[in-house]
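*Asks:* Letter by letter, the chains look like this.
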Amino acid sequence: DAGITQSPRHKVTETGTPVTLRCHQTENHRYMYWYRQDPGHGLRLIHYSYGVKDTDKGEVSDGYSVSRSKTEDFLLTLESATSSQTSVYFCAISGSYGEQFFGPGTRLTVL
Amino acid sequence: GNSVTQMEGPVTLSEEAFLTINCTYTATGYPSLFWYVQYPGEGLQLLLKATKADDKGSNKGFEATYRKETTSFHLEKGSVQVSDSAVYFCALKPQGAQKLVFGQGTRLTINP
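Quick mapping for you: the protein sequence lines, in order, are chains D and S.
For the first sequence, the numbering used here begins at 1 and goes up steadily by one.
For the second sequence, the numbering used here begins at 1 and goes up steadily by one.
A portion of the hints provided could be inaccurate.
Taking lysine-lysine pairs in the BS3-like style, the calculated list, with each CA pair at most 25 Å apart, reads [unchecked claim]: (1) D:K57 to S:K99; (2) S:K99 to D:K53; (3) S:K56 to S:K77; (4) D:K70 to S:K99.
What the hints contain is simulated information worked out from the structure, not anything from laboratory work.
Start from the sequences and build out the full structure, keeping to the hints where you can.
*Replies:* Here it is as structure tokens:
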């Protein structure tokens with residue numbers, strides 16, 4: 001168990017509302033990641049962080065922002081949710097050999 | 001660039017059959033290679049890894065050998081069980097990078 005939790009686990013929201021997903025780790029790892037998983041697209045990297053206040057974009061970052069004010073927490077924000085952002089969102093941390101350990105996921109539905 | 005190509009699924013086998021899921025990669029230098037498994041409704045779990053050529057990763061009866069000459073990392077298991085039904089992802093970490101490159105995943109179904 002890599003000590004990663006995500007909250008909420010499920011969320012239904014309306015188009016145009018802001019949404020924040022939280023990832024929390026107890027492992028004190030430097031690197032953290034946010035992915036989305038959609039049928040037919042596999043896993044796609046949204047943003048990642050390499051330290052407190054240090055973040056960078058992934059391949060599908062449009063419409064998303066992130067923040068990391070503490071080592072243990074990495075927040076993903078959808079400023080104005082759209083139906084195309086309906087997905088399952090996974091957080092991950094990076095281990096000693098570069099392998100990643102994933103959280104249980106958040107299922108987000110945007111109506 | 002870096003990429004991972006996995007055997008297309010879905011794959012359906014009978015219990016106790018031999019499993020192979022093919023994975024080939026393109027990368028410069030010496031990447032690290034991984035297999036992940038995802039059960040329904042759960043996150044990805046690291047199944048096994050290999051960090052240098054000729055390394056064999058193994059876990060829960062699954063094995064994969066890092067073959068640099070054929071740029072492959074095929075997943076094998078000698079006798080599958082119904083509980084092995086899941087989606088399997090091959091991934092690589094390029095040398096010097098901190099991001100993973102994932103294959104598209106292979107859905108495996110084992111029938112009793």
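*Asks:* Going through the numbered hints above, which ones does this structure break? Give me the numbers in ascending order.
*Replies:* none
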